[in-house]
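Put the two chains together into one complex, using the hints given.
Order-wise, the sequence lines are chains C and F.
Residue numbering for the first sequence follows UniProt numbering, starting at 1 and increasing by one per position.
Residue numbering for the second sequence follows UniProt numbering, starting at 1 and increasing by one per position.
Check each hint, because a few of them may be wrong.
[Said to hold, decoys possible] Okay, the calculated beta carbon distance ranges per label pair: (1) E65/F <-> E13/C: 26 to 34 angstroms; (2) K134/F <-> L185/C: 46 to 54 angstroms; (3) E65/F <-> W238/C: 51 to 59 angstroms; (4) K39/C <-> R20/F: 39 to 47 angstroms; (5) H179/C <-> E123/F: 23 to 31 angstroms; (6) D149/F <-> H179/C: 36 to 44 angstroms; (7) D12/F <-> K39/C: 28 to 36 angstroms; (8) A158/F <-> N232/C: 18 to 26 angstroms; (9) Q14/F <-> M9/C: 18 to 26 angstroms; (10) N232/C <-> E123/F: 46 to 54 angstroms.
[Claimed, not checked] Listed below are several chain F residues computed to face chain C (Cβ distance under 10 angstroms; list not exhaustive): (11) E123; (12) P138; (13) R142; (14) F145; (15) K156.
No wet-lab data here; the hints were simulated from the structure.
Each residue gets a CB set at the ideal place from its N, CA and C atoms; glycine is no exception.
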Amino acid sequence: MESLGMFEMLPTEVVTLVFTKLDVRSLCTVRRVCSHWDKIVGCQSLWKTLDFKPYMETRALEEVEYIRKELSDENLWKSEACGSIFKAKEHGKPAVPAATATTSNEWEEWKIEPLPQTPEGGNSDSSSKVFIKKRKANWEEDIVSKKLRGEDYLEHYKEWHLLRHIDFNGQWTACYGTHGDEDILVKHYGYTIDTLKLTGDIHIPAGKPTFRMCLSRDLASGEGEIHLAEANYEGPRWGEASLQLRSSDSFDILWPFQTAAHQFISHEFYWAVVTSACVWPYGRKPEDLPPSGLPRAG
Amino acid sequence: MASESISVTTSDDQTIQLSRKHAQMSQTINSMLEDSVGADQEAIPLPNVSSEVLKKVIDWCTHHENDPAPVEKVKKLNKKREYKAKNSTISDEWDKNFVNAELRVIVDILLAANYLDVKGLFELMCKHIANELKGKTPDQIRERFGIQDDLTEEDKAAMRKAWGATKNDS
Numbered sequence: 001m002e003s004l005g006m007f008e009m010l011p012t013e014v015v016t017l018v019f020t021k022l023d024v025r026s027l028c029t030v031r032r033v034c035s036h037w038d039k040i041v042g043c044q045s046l047w048k049t050l051d052f053k054p055y056m057e058t059r060a061l062e063e064v065e066y067i068r069k070e071l072s073d074e075n076l077w078k079s080e081a082c083g084s085i086f087k088a089k090e091h092g093k094p095a096v097p098a099a100t101a102t103t104s105n106e107w108e109e110w111k112i113e114p115l116p117q118t119p120e121g122g123n124s125d126s127s128s129k130v131f132i133k134k135r136k137a138n139w140e141e142d143i144v145s146k147k148l149r150g151e152d153y154l155e156h157y158k159e160w161h162l163l164r165h166i167d168f169n170g171q172w173t174a175c176y177g178t179h180g181d182e183d184i185l186v187k188h189y190g191y192t193i194d195t196l197k198l199t200g201d202i203h204i205p206a207g208k209p210t211f212r213m214c215l216s217r218d219l220a221s222g223e224g225e226i227h228l229a230e231a232n233y234e235g236p237r238w239g240e241a242s243l244q245l246r247s248s249d250s251f252d253i254l255w256p257f258q259t260a261a262h263q264f265i266s267h268e269f270y271w272a273v274v275t276s277a278c279v280w281p282y283g284r285k286p287e288d289l290p291p292s293g294l295p296r297a298g
Numbered sequence: 001m002a003s004e005s006i007s008v009t010t011s012d013d014q015t016i017q018l019s020r021k022h023a024q025m026s027q028t029i030n031s032m033l034e035d036s037v038g039a040d041q042e043a044i045p046l047p048n049v050s051s052e053v054l055k056k057v058i059d060w061c062t063h064h065e066n067d068p069a070p071v072e073k074v075k076k077l078n079k080k081r082e083y084k085a086k087n088s089t090i091s092d093e094w095d096k097n098f099v100n101a102e103l104r105v106i107v108d109i110l111l112a113a114n115y116l117d118v119k120g121l122f123e124l125m126c127k128h129i130a131n132e133l134k135g136k137t138p139d140q141i142r143e144r145f146g147i148q149d150d151l152t153e154e155d156k157a158a159m160r161k162a163w164g165a166t167k168n169d170s
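Pulled out of the complex, with its shape left as it was, chain F reads as follows (with noise of 0.2 angstroms):
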């Protein structure tokens, strides 16, 4: 019978023990662990991961762990609830308190969350981003991502007059 800890190795070399209960809440992890029922449990190599992004992620598991499982039940509910299940809004405090660090740190954990696929974490990270975005100008989302401006002055143009201008105009 499997162990009731994992060990999974980082891409900084470090040997990290998390218990079972978080491990299987990443996807990832989980689909290795039942490929190797039963094979002595080494230490799972996660190539993507630094040690300190990995650390992040199993806070947010631990404060997690006993949330009900993801389930399609919101398809039931009507379309307006719905809706709202999809907009942007983070409504856990300690989430919020969570997603309030260093635009690397937030991009590493988002990229981690996707390589180790834990849903929750994931949705959480891109709510966070989105919500960045939100509300800003396209200069503003510049300086605040880093992203180089390569639109032309024609391209601008074109969208300007394809789609109207609004209040938050560059």
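Next up, chain C with everything else stripped away, as it sits in the complex (with noise of 0.2 angstroms):
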């Protein structure tokens, strides 16, 4: 082929200057293209070149609902292909041909119940109730987005049989970046994920919240806020934040750069520029820790 090698020639500052006139779904798109582009895409300074004020303003609304309308494209996730993946993970071979797959019927065993009414655990503390309306559109896309990624699919739904019993009450030590290791109490019911810090720092005194979230289905995920203040717990607010449960002894909690957090919506986005810590129970070493399977920004 002619061109071969022909992108490899430019110069990183020309790429980088090429993928400034990307959108931001380009921009995802071609960083799965090679090692190279991941890093260059990777790299700090492009997102800065990128002004996203009037992104914010135009595209990055028309993204997220562009991105919307896809995951509930109900025929994407029940194309035959999708169907085949999870066939052939479920028996541990490799993908068998769309057209001798099973489609339908194999796909509805592993059609995840309706949300229940009344969730287990449901408890009318007043924070949880700021998360209630939050929890099933939470957790309807949770679904929709698992559906799509096909192969992940099935193992988060056995991790969901697992995690089921799974219990966040107690004692936990959490890494706080330049404060270093605090420690939290939590306080898990249902879906809800309520934090006392039982170490002060010098931004949040003990005897503070740290982070609410309230979980997805399969508690492997979570979304909510974390709190955040200047020093001597100045302006005290919250933030949007997320949880990400490592193994079953230990999750992170991310959220994007505190001076950027409110210019980002784009889903994509979001996560290239988060910043996370991560929590494990009491009395535990990190480096016991699996590693996490979030790539992390820069």
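In structure tokens form, the structure reads like this:
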């Protein structure tokens, strides 16, 4: 092929300039082309050159709408290809050609039952009320995205069986970046997690909440808020954050960079610039923890 | 006083005459000329540009010689207009025709425009390649640009997990 290697010739800065002409969606696509491009796209400077202010006003909202529309396309996850992946995964064989795959019936088996009207452990605590509406939406969105992801779905479904009895209640240790390790107390009821700081730092003193989460149905992830404040607990506020389970006894709290938090709506971009804290049970060392599956920014 | 035409030597040892106006559209040649004011005009060596590509660049310069110089006035426009200015639509019909070339030629022109620092041409080439990338799946991009897929399955799975999948997924 004549053009082979042509693009590798381009200096990184030229490729970067080409990429500045792309929208977020295309950037996320080119990121998956090769590791070199992944590095370029992962580089913070490229995201800085993108002017996100107008993007936020116009494109991002369209993008979000577009992605929503795509996710809600029922035909997409009912496709034969999806069915074959599940079947193959189940039997530990390579994926069979779509033509020979059983489609609708097998697929139905893996459908998660509808969300119950009153979720178990549903609590009338004031802070959980905040999430009740969001919870249903989260859960539905979660399921749709898993259906779409295909191969991950079965794994998640199995996890869900394992994790449904998981109990977050108790004392945990969390790594708060420059503040070091701090102890927190977790109160877990139903799909809601509330936390209280047992160790204080310059920003948030002990006895104040640190994050609250609404868990997804499989309890493997959650969305919610993280408690932020300036030094000496000035201007306390809640910022968007999410929870990602690492294993049955540790999880990550992820939140967008504080200064940039209000700027980013796009889901893809949200994951490109996040910071995280790992939380593990009190009295255990973080070295024991398995590596997280999430790629880190930068 | 410097003459009206400048001669340059390309990588394949050809000497090409180009008008001062066209030469000055390249910041690289322009600064070379400024550095050598008063000196005898010898052919300027351009070791990174072939004659074939330089001719294309001159073609573009000829068509755009009367364009207003790119100024920073974009900043004064409102944000939405600025965004429009940033998107990758190629509006000029002549330009559309110009970029309708083999990928090898496009990449050569892009490199030459980068080296010669011809801003408008470089922008055009960036836009064109960006347009080529848009709306394609990673597989299609690899095929189009002849790029080796060196990502492992784990990398891909991690990416899918982090960002979710889109219709463009391979």
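Now the hints, each set against the structure:
1. Here the CB-CB span from E65/F to E13/C is close to 27 angstroms, well matched to the stated 26 to 34 angstroms.
2. With their beta carbons about 49 angstroms apart, K134/F and L185/C fall inside the hinted range of 46 to 54 angstroms.
3. Checking the proposed 51 to 59 angstroms range against E65/F and W238/C shows it holds: the Cβ atoms sit about 58 angstroms from each other.
4. With their beta carbons about 42 angstroms apart, K39/C and R20/F fall inside the hinted range of 39 to 47 angstroms.
5. Remark: the range hint 23 to 31 angstroms for H179/C to E123/F is contradicted by a beta-carbon distance near 46 angstroms.
6. At roughly 42 angstroms, the beta carbons of D149/F and H179/C sit within the given window of 36 to 44 angstroms.
7. D12/F and K39/C have their C-beta atoms about 34 angstroms apart, which keeps the hinted 28 to 36 angstroms range intact.
8. The given range of 18 to 26 angstroms is broken by A158/F and N232/C, whose C-beta atoms sit roughly 39 angstroms from each other.
9. Range check, Q14/F to M9/C: Cβ separation about 22 angstroms, and the 18 to 26 angstroms hint holds.
10. Between N232/C and E123/F, the C-beta spacing of about 49 angstroms keeps the proposed range 46 to 54 angstroms intact.
11. Contact between E123/F and chain C, as hinted, is supported at the beta carbon level, the nearest pair being about 9 angstroms apart and thus within 10 angstroms.
12. Against a cut-off of 10 angstroms between C-beta atoms, the interface hint on P138/F holds, since the closest Cβ of chain C lies about 4 angstroms away.
13. The beta carbon of R142/F comes within 6 angstroms of a beta carbon in chain C, closer than 10 angstroms, and the hint placing it at the interface holds.
14. Because the smallest distance between the Cβ of F145/F and any Cβ of chain C comes to about 4 angstroms, under 10 angstroms, the interface hint for this residue holds.
15. Interface restraint check for K156/F: the shortest CB-CB distance to chain C comes to about 7 angstroms, inside 10 angstroms, so the restraint holds.
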